[in-house]
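**Student:** Given only the sequences and the hints, what does the whole structure look like? Please build it.
Letter by letter, the chains look like this.
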Amino acid sequence: MSERTDNRQFRAQAGAGAPAKAECGNCQFFCDRPAELEFEFPQLRTLGSVYGSVRSQDGLCQRLQRYLGSASHCAAHEPRAQILG
Amino acid sequence: MSETAPPPTPVLPAPSQWRELIGREDWWAIWIGCGLVLAGALLLSGGHSLKWLAIAPTKWSHLPEALAQLRLHALQYLALFVLWSVLFGIGLAALGFRVSRFLPAFALVFLTSLVLYFVGQWDQAAHYNLEPPLVALVLGLLVSNTVGTPAWADAGLRVEFYIKTGIVLLGASLPLTLILWAGPVAIVQAGIVSLITFGVIYFTAVRLGLDRRLAATLGTGGAVCGVSGAIATGGAVGARKEQVSIAISLVVFWAIVTIFLLPLLARGLGLPTGVAGAWIGTSEFADAAGLAAAQAYSGYAAHGLVAGTPEAAVNAFTLMKVIGRDIWIGVWAFVLSIIATTRWDRTGVNSRTGPGEIWRRFPKFVLGFLLASAIVTVLARGYSYADYKSILVPSLVAPLQALRVWAFTFAFLSIGLTTRIREFAQAGRRPFYAFTAGVAVNIVLGFVLSTRIFGAFWTQFGQ
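Quick mapping for you: the protein sequence lines, in order, are chains X and D. The first sequence begins at 1 in the working numbering and counts up by one. The second sequence begins at 1001 in the working numbering and counts up by one.
Just so you know, nobody snuck in bad clues.
Here's a subset of chain X near chain D, in silico, CB distances under 7 Å, partners left out: (1) Gln43; (2) Tyr51; (3) Ser53; (4) Arg55; (5) Ser56; (6) Gln65; (7) Arg66; (8) Leu68; (9) Ser72; (10) His73; (11) Cys74.
Calculated from the structure, these hints are not laboratory results. No residue lacks a Cβ here, since even glycine has one placed at the ideal position from N, Cα and C.
**Tutor:** What follows is the structure, given as structure tokens:
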């Protein structure tokens, strides 16, 4: 994927088709929702923004507690329940 | 890749590249900023102007004069509030905020900014150091760290959205020819400082035994573009959550300190506006913080306290920080992600990256800044110099400058209102020492480059 979608878009767009890649962007532990990221990094909004382009589609892995790109992947990947339907 | 194959899941349809155009505040800053520039140009072509709407307080000596001004222009201030509410409200709604939460918060921000703007126009303001950016910041800090900023105000305190919109509007008062003339110098100067500052922070941090991912996140936070640099690099290298938090805290701490320190030092050293703006642009850590410092210095020039044109401090700062430093963040993140993947300790997470990351992380609002500059530059070509001064400046450029000052004031107030001083303590000593070493080198090197190596250039720029 040349462009990553965020969680909401992923859920909204998930439909019938070929398997999605096992990437952080599709993992249930990955949080890239801006409001939640602002909550996790409360000082970020003082002189930065999670709504800006520089963040790209990075998010927080709530399992590993790492801040990662959505195209990252690891052995602990678990697809989102919503996607499995 | 996971060791066991994940169950089949539906594939994403090809994601829309267009979605970003309404899903990121950078693009909304462009739509709002360039939309205002185009609206101003259209009004001008019909013999009208944005002047009525872009109202701003003028000089006053006694309080009754200020109140009379306010009464006389009350309808214009109300219209301006409605304009900003609609523009920012639409943008924030598209970003997922509730307009019902934004409006009361923004009303508070607007009213406080109005008072601060009036205070700044008092003829004794300079005597008491009441420069609006600094007063806004101090007031916000006091509220935030004493009674506390109410949670409901959160939707109206969007520092980066306001500052990006202001920077796009700033493009309208900077001719493209000037950007092309000074841009390369800014890139060279900022490039030297960025590389050295990153090196100092990174190697000091590693020497102090800190993890390389934290060292890199701290390094780009100090050397490139502050909090944006820290989160871009943090994501690119897969930093731990607390490492990103530490970098953000240190950037915010030193950015707030240097908002007050740099204008004070520059004024004490008698630096002209162009030189001071270049120094602030080289040595400040964040756009919003640097613009607060540069605009405060512009205020000193407007009151005749320092040499050079008032606008030069903000213009030189913007060229140095935005063109010289900000636009390279994608390159830094891309290079560091490759180094992290190939050279540093394994974390159990594998990242895929490619050159496309450079564009994805590019601060798109810079395109709006350049576009606004191009629009006004092309318009100006149809005017003689005399007509440019007598028609285009008062009818288009000056109203856009007034709107920009409003946007910046909203941002400066929001910085203070979102800063919690007690949260700085979480950074820890070793990261603090590493980052502070970079701050010291950055400030000294920025001073030498701005006053000695490129001093003549920035002095000329400020005239």
